[in-house]
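Student: Sequence:
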Amino acid sequence: MDRKMQSATRRQIPVRGVVPMRPRLILVSLLLVALPLYAEDPSPDWASFRNGNTLRGIAASKLPEKLELKWKLKLGEMIKSTAAIVDGRVYIGVLSGELICLDLQDGKRIWTYKTVEDVDPNSFAPGFKSSPLVTDKGVYLGDEEGIFHAIDRSTGKKLWTYETSAEIISSASLYKNTLVFGSYDNSLYCLNQADGKLVWQYATMGPVNCSPAVIGNQTFVTGCDEHLRVINVETGKQELDMPLGTYLIASPAVLDDTLYVGTYASEVVAIDWKNQKRIWAFRDPKRDFPYHASAAVTTERIIVGGNDKRLHCLDRLSGKELWVFDTRG
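In terms of my numbering, the sequence shown opens at residue 1 and continues consecutively.
Result set (DSS-like, lysine-lysine): computed pairs, CA atoms no more than 27 Å apart in a straight line:
1. 286 - 320
2. 197 - 158
3. 176 - 197
4. 309 - 320
5. 237 - 197
6. 80 - 114
7. 62 - 320
8. 309 - 80
To be clear, the hints were calculated from the coordinates, so they are not data collected in a lab.
Sequences are here, hints too, so could you generate the full structure?
Tutor: Written out as structure tokens, the structure is:
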């Protein structure tokens, strides 16, 4: 059933520095690709935005000797999120307002969920920029109109929806039987997974673009209000607040007592979150640029893409740059 939050009129709040892209034909290609095995007990599937609540972006697979294209699927709209892969199925959200479930082996559609059923082709349908979270109970993600959707993973039918007041780009994390995610209405939400009822809502001082990391009963938010906040997931109460002095849209990755995130101030920082202290900060010596991408964190290295069109590999303990890979975008 639908749950609505009584609040201000829904609105979209633009992210500073992000240039909107024109819709174009998207080619979705599935490659036999995965990160090397570094993490402690990573999942063989990829069930959420960064494959786990610590948001470290690690897969329990190794790269094959030769990468081969397995299948491809043409879609008529842009994709601005990542796919989830669970039990031989691929789940991906599209800006057309569709969540598509595909067979991993051949790319054939199993079902399609739409934010607006039977919409006129010339009418607006809220699209998905949020990456799906897949659990044993359903598929969960938010849309650009601020609606958070719960979908039956077997049938593609709606289970429930919950309405916030602004766009949702943040992807959800699972804590016990609750879902935690942010919205551009300056709030972090915790919903009951079964029926979408609000457990708590925490107000920040800016849009929450990031996906919240969760460790134990604590969730970590690096928001557009330039703060690192640690919130108790059981109570919705803030436990720590560390001003970072810079705008952030990237999601934090957490390993033990250290949090890693790229900033708009041209830095990648490592933070001792328990003691609220910076351990190190990396800055490119030649140029300034923001970091939009979330970092992948292994036990030894940090790998993060910057707006300089390069992939940077840093030593996890010291922040020293180990190598740089140039890309085309």
